[in-house]
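Here the structure of chain P is known, so what remains is to put chain A in place on it, guided by the hints.
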Amino acid sequence: MTDILPFLKSLISVSGLSGFETPVAKLVEERWRPLVDETSISRVGSLHGLKTGSGVSPRPSVMIAAHMDAIGMMVSKITDGFLRITKVGGIDVRVLPGAQVTVHANSGEELPAVIAMPSAKLLPETVGDGALAIDYLLVDTGLTSREVEKKVRVGDLVSFANEPIELAGDVISGHTLDNRASVAALTVCLEELQNKPHIWDVWAVATVQEETSFLGAYSSTFELRPQIAIAVDGTFAKGPGANGWQTFPFGKGVGLCMGPNMHPFLHKKLKDLAERLEIPWFLDVTPSHSGTDAYPMQTTAEGIPTALVEFPIRYLHTPVESVAVKDIQRAGRLLAEFIASLEIDFVETIKWDD
Amino acid sequence: MPTFGTAQLKLLEKLCNAIAISGDEGEVRKIVLEEIKPYADEVKVDALGNVLATRQGRTRSGKRMRVMLDAHMDEVGFMIVADDGEGLYRFETVGGIDVRHLVGKQVFVGRERTPGVIGGKPIHLMDAGERTRKVPLDSLRIDLGPAGKAKVSDRAGFATRFRRVGPSIMAKSIDDRIGVATVIELLKHAPSNIDLCAAFTVQEEIGLRGAKVAAQYFDPDLAIAIDSTPARDLPMFDGGENMTYNTKLGLGPAIYFADGSTLHDPRLVRFLQETAEAQAIPYQFRQPGGGGTDAGAIQLSLAGIPAISVSVPHRYTHSPVSIARVDDWKNTINLLHAALKRITPSVTTRR
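If you're matching them up, the sequences are chains P and A in order.
My numbering numbers the first residue of the first sequence as 4 and each following residue consecutively.
My numbering numbers the first residue of the second sequence as 16 and each following residue consecutively.
Here chain P stands alone, though its shape is the one from the complex:
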């Protein structure tokens, strides 16, 4: 199996906030091009890679999708050379003070900056030493106010800028591993499929705007009309502050999600396959909405049988999200094996167990 870590590091070192995914889309397209038969960009910016199957045309197709957009911030006001910001996606504001960020300035420059927590005397007395609302935070580029006025405008994006680091035990840590780690898993799957015959067409899709509206998953599923769809995303790892039923042991295997968002038949197939291949897995249950691309994929067009493969990420939606590299490899391998196992008439076998 190829070492996916260098590619994953480059994936989380490139920007691509929700709605502005082009930089990461380019990087992924470059990596996928030799692995698929054609690539294209959807009307709203999602990346499609088609790997043709060996079946007789018209062949059924499976869509495997991971979102490539990142949470971040946007400039909302410029004050005396400092920037006020607002959220893009679900950010915990409490991770922001002292965070290193990049301001993607209207001038075309990427300005290194830091998120400043003004001292208590500059804030309303009610704030005290409590958590600060995002309205009170400022971004400091270290430039003079004249330079800032010249380069930056309201609406410019602000992304996390801390560099990826490796932690002991084959773990990568950085921002935006949700969900670039899953884009890496799709890449592992495509690599595996290079030497594995498959009958079905495979649409590998890196979707846009999952963190805001699921735009990419809705639109690509509609356009590609796959017979079945599998979303790949991160879930919650057990760790400091996170030990509830929604959390899973870190680095101990892939999650197979079950709930109204999933087709039970697909779920069972994946489960049986994981057992057979001795890929460690755990059951993740979502009583309602999975909060992932699986929802829009399931409910698009006439409805698509959908499954969700995941792996645990620690500190989700912070700049130090951490994931075990071997779980990414496991997810990629499971997807590839599943795709290779699909018979031409698989769709007809999908049944409700009533």
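No lab work stands behind these hints, which were simulated from the structure alone.
One or more hints might be untrue.
Said to hold, decoys possible - Straight line, CA to CA, 27 Å or less: simulated DSSO-like cross-link-like pairs of lysine-lysine: (1) A/K263 to P/K154; (2) P/K354 to P/K274; (3) A/K149 to P/K255; (4) P/K29 to P/K154; (5) P/K80 to A/K263; (6) P/K272 to P/K354; (7) P/K274 to P/K329; (8) P/K12 to P/K29; (9) A/K52 to A/K227; (10) P/K90 to A/K149; (11) P/K153 to A/K263; (12) A/K149 to P/K124; (13) A/K356 to A/K227; (14) P/K241 to A/K164; (15) P/K12 to A/K45; (16) A/K29 to P/K12; (17) P/K329 to A/K164; (18) A/K263 to A/K45; (19) A/K149 to P/K80; (20) P/K255 to A/K164; (21) P/K241 to A/K166; (22) A/K45 to P/K241; (23) P/K124 to A/K263.
Okay, now just chain A, sitting in the frame of chain P:
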């Protein structure tokens, strides 16, 4: 005048990237010793870990003043206090750190600089109330990864890398590596009219402990503490006038009148102001108020030592990333060098 350029900024970069939490200043001490050895007549590392270097003057006529220059080597950070297993460690803060700066930051742990992160609970698993509450220190852990190992008692510091940005530098521990770099430069270019006593002190951030014994060792005629003071020159939340900026970036070295522990010697305040005016070096007065520097301990030592503080302003004190202006540092070195050259016994005799 000492020259100022790439070499000085390289030295500052090395000093800021080093980690030296109060009580464990070895990494910075090593750099300081390497830098100063060729220039000092006498160097000693004392019982607390201070580096104390003397460079004698060369003039023979009249009394040469013994001038102590002080900068602290230590920085705020963390100490590992318990092992929770699987690479997770409890930690305590060392020095005045606002816990609100910690979630989601990268750190280096121990002498080997093992990389780690301070994570946070995912926002998805919180209710609305929890999202607006401060994250308490005892809920945080340093995570070295499942195979990570540290020792209880290891120190940890922010993993921020120094960088130059336009007119500024962004780095951790500008407080007080910029002072350390300043004293190194002044020792290298010490004027011949004084005996220069350079104190690179320990444990300033937890109670000015190193400076106290350093002053007692040197017994100087006067002392200058060179530190880095907060610039709170940010806009007020409601657009009102910021009355408590302390200092502002870009206005030059900050001369102290009064802080939380010291009324700085008025003769020395006047002397530095006159020097700056005479040399046309930009300077500013730090707003009188709280806070403190090593001058607080030095002034109270022995039979009393005339003391003053001069600081390079920086924003975001004791946080993972601070910002200072290169020109403010250059002007601080120039002001202090010009002042040292003018020092005579009359500086502290006239009232």
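Hint-by-hint comparison with the structure:
no., hint, verdict
1, A/K263 to P/K154, "22 Å, holds"
2, P/K354 to P/K274, "16 Å, holds"
3, A/K149 to P/K255, "31 Å, violated"
4, P/K29 to P/K154, "25 Å, holds"
5, P/K80 to A/K263, "22 Å, holds"
6, P/K272 to P/K354, "12 Å, holds"
7, P/K274 to P/K329, "18 Å, holds"
8, P/K12 to P/K29, "15 Å, holds"
9, A/K52 to A/K227, "23 Å, holds"
10, P/K90 to A/K149, "19 Å, holds"
11, P/K153 to A/K263, "22 Å, holds"
12, A/K149 to P/K124, "18 Å, holds"
13, A/K356 to A/K227, "26 Å, holds"
14, P/K241 to A/K164, "19 Å, holds"
15, P/K12 to A/K45, "34 Å, violated"
16, A/K29 to P/K12, "26 Å, holds"
17, P/K329 to A/K164, "20 Å, holds"
18, A/K263 to A/K45, "32 Å, violated"
19, A/K149 to P/K80, "25 Å, holds"
20, P/K255 to A/K164, "19 Å, holds"
21, P/K241 to A/K166, "23 Å, holds"
22, A/K45 to P/K241, "41 Å, violated"
23, P/K124 to A/K263, "15 Å, holds"
Against the hints set out earlier in the document, violations occur for numbers 3, 15, 18 and 22.
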